[in-house]
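Asker: Put together the whole structure using the sequences plus the hints.
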Amino acid sequence: MLDPDPASLALARDRGFLPIEQGVIEDLGIAYARLSVPAGQSLARGLKILRRALPGREITADQIHFPSGVGAGGTNAKPATPALPRGGTVGVIDGAIAGSDRLVAQRGFASGAPKGSEHASAIASLLKSAGSARIYGADVYGSDPAGGNALAIARALGWMAGQGVPVVSISLVGPVNPLLARAVAAARAKGMAVVAAVGNDGAAAPPAYPASYPGVVAVTGVDGRGRVLIEAGRASHLDYAAPGADMSAIVPAKGRIGLRGTSFAAPLAASRIAARMAQGRSAASALEAANSEAFGASRQTGRGVLCMICRSGT
Numbered sequence: 001m002l003d004p005d006p007a008s009l010a011l012a013r014d015r016g017f018l019p020i021e022q023g024v025i026e027d028l029g030i031a032y033a034r035l036s037v038p039a040g041q042s043l044a045r046g047l048k049i050l051r052r053a054l055p056g057r058e059i060t061a062d063q064i065h066f067p068s069g070v071g072a073g074g075t076n077a078k079p080a081t082p083a084l085p086r087g088g089t090v091g092v093i094d095g096a097i098a099g100s101d102r103l104v105a106q107r108g109f110a111s112g113a114p115k116g117s118e119h120a121s122a123i124a125s126l127l128k129s130a131g132s133a134r135i136y137g138a139d140v141y142g143s144d145p146a147g148g149n150a151l152a153i154a155r156a157l158g159w160m161a162g163q164g165v166p167v168v169s170i171s172l173v174g175p176v177n178p179l180l181a182r183a184v185a186a187a188r189a190k191g192m193a194v195v196a197a198v199g200n201d202g203a204a205a206p207p208a209y210p211a212s213y214p215g216v217v218a219v220t221g222v223d224g225r226g227r228v229l230i231e232a233g234r235a236s237h238l239d240y241a242a243p244g245a246d247m248s249a250i251v252p253a254k255g256r257i258g259l260r261g262t263s264f265a266a267p268l269a270a271s272r273i274a275a276r277m278a279q280g281r282s283a284a285s286a287l288e289a290a291n292s293e294a295f296g297a298s299r300q301t302g303r304g305v306l307c308m309i310c311r312s313g314t
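103 is the number that this note's numbering gives to position 103 of the sequence shown; each next residue is one higher, with no gaps.
Read the hints as simulated data drawn from the structure, not as lab findings.
One or more of the hints may lead you astray.
[Said to hold, decoys possible] Quick list of simulated restraints, FRET-style, between CB atoms:
{"no.": "1", "residue 1": "291", "residue 2": "99", "range": "16 to 24 Å"}
{"no.": "2", "residue 1": "47", "residue 2": "295", "range": "44 to 52 Å"}
{"no.": "3", "residue 1": "11", "residue 2": "292", "range": "49 to 57 Å"}
{"no.": "4", "residue 1": "52", "residue 2": "19", "range": "32 to 40 Å"}
{"no.": "5", "residue 1": "202", "residue 2": "296", "range": "15 to 23 Å"}
{"no.": "6", "residue 1": "300", "residue 2": "105", "range": "32 to 40 Å"}
Using N, Cα and C, we set each Cβ at its ideal position, and we do this for glycine too.
Answerer: Structure representation (structure tokens):
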């Protein structure tokens, strides 16, 4: 429940929806309460009952989000050093980053976090290759079976905003969620650029979130020949494409691994925006500057492909 008040919580409790947690997302000012569904009642039924009982309140399930990329095998791609503006700070909301000398700070938002993640560590490796100077990590998975939920991502955004992180990359996908939508809007209102992958569920899939929230920079992936990945999902809008295959990254205990998925395109696009913001530009101005780097604009690639030479992590 968003913006809970005592009367609404009392009514919910009378109907068997017991409070689990209540709080305010730091630095975003969003109040919430987590409630349990009465025993023997399905989530769908519980939502219907509570929404009918509290028509003036915004009530939602705390949906889980999933990573949008995997190791693909093969390590033929070689490290690249982009001849483009470098530097800047990028926040990564994912699992925990391990083994990165660019990591400034990391915080967990799930039980058992931070817990090293190959997916997140590969993203950090790509960011280093693309020239990002500083990385902040937020682990929303840890060892929690319900990791990646909307509340965890929203809280991670709040923490990033409090740290002054200018650009946040999210390579996770899930359904629309009112709490996360509000958190994204609040973070953007503070000047943050939010970049997200469109996912890997195919062009016929429903629009992916958070990429589809208004103002989020939605990124798809292309292979080494500039072709949009056949498995790439979609968002309600598309801003850019970036490499998402035929590349590699270094992760702890495994060394260099091949990568495939829109997960790995989003941080590369984020790195280009962060490099421009490091020059003193606003998020809007940085996006305009990124447009000058993009090439091959189309319905499949948005404003075009960014960072095509950033095809391997170091």
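Asker: All hints, please: hold or fail.
Answerer: Comparing the hints with the structure gives:
1. 291 / 99: 16 to 24 Å: violated, 34 Å
2. 47 / 295: 44 to 52 Å: 45 Å Cβ-Cβ, so the 44 to 52 Å window holds.
3. 11 / 292: 49 to 57 Å: holds, 55 Å
4. 52 / 19: 32 to 40 Å: Given about 20 Å between the Cβ atoms, the range is violated.
5. 202 / 296: 15 to 23 Å: holds, 21 Å
6. 300 / 105: 32 to 40 Å: Given range 32 to 40 Å: holds, Cβ gap about 37 Å.
In this structure, the earlier hints numbered 1 and 4 are contradicted, and the remaining ones agree with it.
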